[in-house]
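Chemist: As a plain string of letters, each chain reads:
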Amino acid sequence: MTAPMTRDARRADTTEARLAAIDLPTGGFTAPARAEALARLGTMGLPARRDEYWRWTDPAKLNAEQPEAGAAFRVDRPIFEGRDKLRLVFEDGVFDAAASDDPVLAGVEIARLSEADRADIHWAKAQYGALEASGQTPVARPFAALNTAAATEGVLIRVTGKAARPLHISYRQSEKTSDVILHHVVRIEEGAELTLLETGTPGARSNVVMEVDVARGARFHHIRPQGRATDRVMVTHLFARVAEDATFKSFTLTTNGKFTRNEAVIEVAGDGATAHIAGAALGDGEDGPFHHDDTVFIDHGAVGCESRQVFKKVLKHGATGVFQGKILVRPGAQKTDGYQISQSLLLDDDSQFLAKPELEIYADDVKCSHGSTTGAIDETALFYLRSRGVPEADAKALLILSFLADAIAEIEDEDLAGDVVARLEDWLARRRG
Amino acid sequence: MLEIKNLHVELEEEGKPILKGVNLTVEAGKVHAIMGPNGSGKSTLSYVLSGRDGYAVTEGAATLDGEELLEMEPEERAAAGLFLAFQYPVEIPGVGNMTFLRTAVNAQRKARGEEELSAGEFLKVVREKAKTLKIDAEMLKRPVNVGFSGGEKKRNEILQMAMLEPRMCILDETDSGLDVDAMKLVAEGVNALRDPGRAFLVITHYQRLLDHIKPDVVHIMADGRIVKTGGPELALEVERNGYADILAEIA
Chain A
29 MTAPMTRDAR
39 RADTTEARLA
49 AIDLPTGGFT
59 APARAEALAR
69 LGTMGLPARR
79 DEYWRWTDPA
89 KLNAEQPEAG
99 AAFRVDRPIF
109 EGRDKLRLVF
119 EDGVFDAAAS
129 DDPVLAGVEI
139 ARLSEADRAD
149 IHWAKAQYGA
159 LEASGQTPVA
169 RPFAALNTAA
179 ATEGVLIRVT
189 GKAARPLHIS
199 YRQSEKTSDV
209 ILHHVVRIEE
219 GAELTLLETG
229 TPGARSNVVM
239 EVDVARGARF
249 HHIRPQGRAT
259 DRVMVTHLFA
269 RVAEDATFKS
279 FTLTTNGKFT
289 RNEAVIEVAG
299 DGATAHIAGA
309 ALGDGEDGPF
319 HHDDTVFIDH
329 GAVGCESRQV
339 FKKVLKHGAT
349 GVFQGKILVR
359 PGAQKTDGYQ
369 ISQSLLLDDD
379 SQFLAKPELE
389 IYADDVKCSH
399 GSTTGAIDET
409 ALFYLRSRGV
419 PEADAKALLI
429 LSFLADAIAE
439 IEDEDLAGDV
449 VARLEDWLAR
459 RRG
Chain B
558 MLEIKNLHVE
568 LEEEGKPILK
578 GVNLTVEAGK
588 VHAIMGPNGS
598 GKSTLSYVLS
608 GRDGYAVTEG
618 AATLDGEELL
628 EMEPEERAAA
638 GLFLAFQYPV
648 EIPGVGNMTF
658 LRTAVNAQRK
668 ARGEEELSAG
678 EFLKVVREKA
688 KTLKIDAEML
698 KRPVNVGFSG
708 GEKKRNEILQ
718 MAMLEPRMCI
728 LDETDSGLDV
738 DAMKLVAEGV
748 NALRDPGRAF
758 LVITHYQRLL
768 DHIKPDVVHI
778 MADGRIVKTG
788 GPELALEVER
798 NGYADILAEI
808 A
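Chains as they are written, first to last, in my numbering: chain A, 29 to 461; chain B, 558 to 808.
So here's chain A without its partners, still in its complex pose (with noise of 0.2 Å):
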């Protein structure tokens, strides 16, 4: 009986220690939904390894009072370049206004939550932490309240309209020490339409929430490249509500990182509603160690919905994958069609990938399935493109783009679809030979 007393008390002891490393904001319109994320973070403590969702990504990285020291990743060629869109940069997690466009965008409101937060009135204090907060349960995402609690800079953004061009949110590290929280609040109202970019690697250690509550019939679009800083340790939480015909619709690409948890929590909320999540990680051991994590809970709560959750991971030199994905299918949210795939291409014997999909279906008219793969490069394929002439190193990263091909294919721009293909190529150019 005592040893799980000890247990409890060593998880407290654990987040108050974080927590007093923290200088946790006071004050302003997310005053009470801080204190509510605070006391949830009290409940449930920071993860520990015999957590269910915690098994195969030790959390000790993501617990420790301060972050490892990584060396600062300098951006020699920014994916998105040529691409018109508004840029916001934020710098170790400080906003750089000189590096930034003016934030003014047709039917687009933003602020940012540091100066936002001193305005009482302000339609995100009705959606700040809310979606967190939700997502709590069944599963346990105490990052994520601890974000909601802490976070004192993030960007809010409020769509009205069709955006006319793309928001792109831009992450540069700098400090090796940086210990970045971001919290930013999406609201996509009826009908309206947004692209969002989010690049690059927020700190040495990064915790970034995104709240993403998509309207009747708007339109949600998220492209997110987390860039190559091998120090990198970063948690994401992508907490979204997807409403009566809205779209959503998420991708994101990791090269290098040697701590990446992305947990994505979507509620399929209103009837006809599509939600998709998609995701591209390779991770290679000789530039460092590599573990990359995705952790995805789809809730059907609706009928009609369409979801699906495509997960791709290439892996070498002791790298290692994770996969941990669920979609639950609600009593009453008939003619669901849920697709879940998870699959990695091991480039050596010494890399793993380790997979957890989960069903859990309640309504009896729904279509919902679920695959996970783990293998080599075909050897027949590979001889095939070389029998054409392509030389044996081309034809692998020919060959790996393949593998990935049903991922980058959820990013619906031709153009931010290309952008993505040729950092894959550059990335895979450099490990050749």
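In short, the hints are calculated from the structure, not lab data.
Predicted, not measured: the structure shown is a model, and the values here were computed from it.
Please note: incorrect hints may appear among the correct ones.
Label pairs and their computed distance ranges (CB to CB) [as the list claims (entries may be wrong)]: (1) A/Arg458 x B/Gly788: 54 to 62 Å; (2) B/His565 x A/Asp376: 28 to 36 Å; (3) A/Glu453 x B/Lys771: 41 to 49 Å; (4) B/Tyr645 x A/Asp376: 49 to 57 Å.
Note that beta-carbon positions come from the ideal geometry of N, C-alpha and C, so glycine has one too.
With the hints as your guide, set chain B onto chain A.
Modeler: Chain B in isolation, oriented as in the chain A frame:
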């Protein structure tokens, strides 16, 4: 052009001998056919020549214009002018047929020290060649061989051949899975490529493909060896009497 001398090959893992001393010379401008019953080693010969893994050459040699083939990587053999049209062309999802073709053409040009084709030049050539093979723009855009019918896959092989302009073309059971119309189309594609500087080695189980691609020389292969060589009439003999008579005659 292609010279195979006393080639002995076994399956690498099992150590099982498949080719037991193949001798064959294919001259420039000629079409040679290799016929034989299943398991005679026809496809193995095509794979060994093009460099597929899993086979061990235990004896003998194969040269293309005097260059030792068997030491080269598959891509080097391709750049040297060898082409294998696969019996089962491979599907490559997510890679556009056009991208694949251009990558292959430019890789070979680069290997030969030639200038790479620009997107525009490439497009012009590929469209023209695709048209004669009745390959439409849609098929060029689709991922390589994905969702292609049997006939489309084989036409796609011939398109690759037409684009890469190899000097030595090996066709492995190109007629398998084709109806008469598709076979005619494929054969026309091949015939259009016949040239004094180019040679063909047509591997087939049946005579019918040879009605459309007329061979100069026909070889019968059995148990890992070329057991009989003759003119086109040899193929007709097989068609009439099957392999049993020929094999019995040799035995």
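Chemist: Taking the hints in turn, state whether each one holds.
Modeler: Verification of the hints:
Restraint check, A/Arg458 to B/Gly788: a C-beta distance of roughly 56 Å satisfies the suggested window 54 to 62 Å. Between B/His565 and A/Asp376 the beta carbons are some 33 Å apart, a value that agrees with the proposed interval 28 to 36 Å. For the pair A/Glu453 and B/Lys771, the beta carbons lie near 45 Å from each other, so the given range of 41 to 49 Å is met. Under the hint 49 to 57 Å, the C-beta atoms of B/Tyr645 and A/Asp376, about 28 Å apart, miss the expected range.
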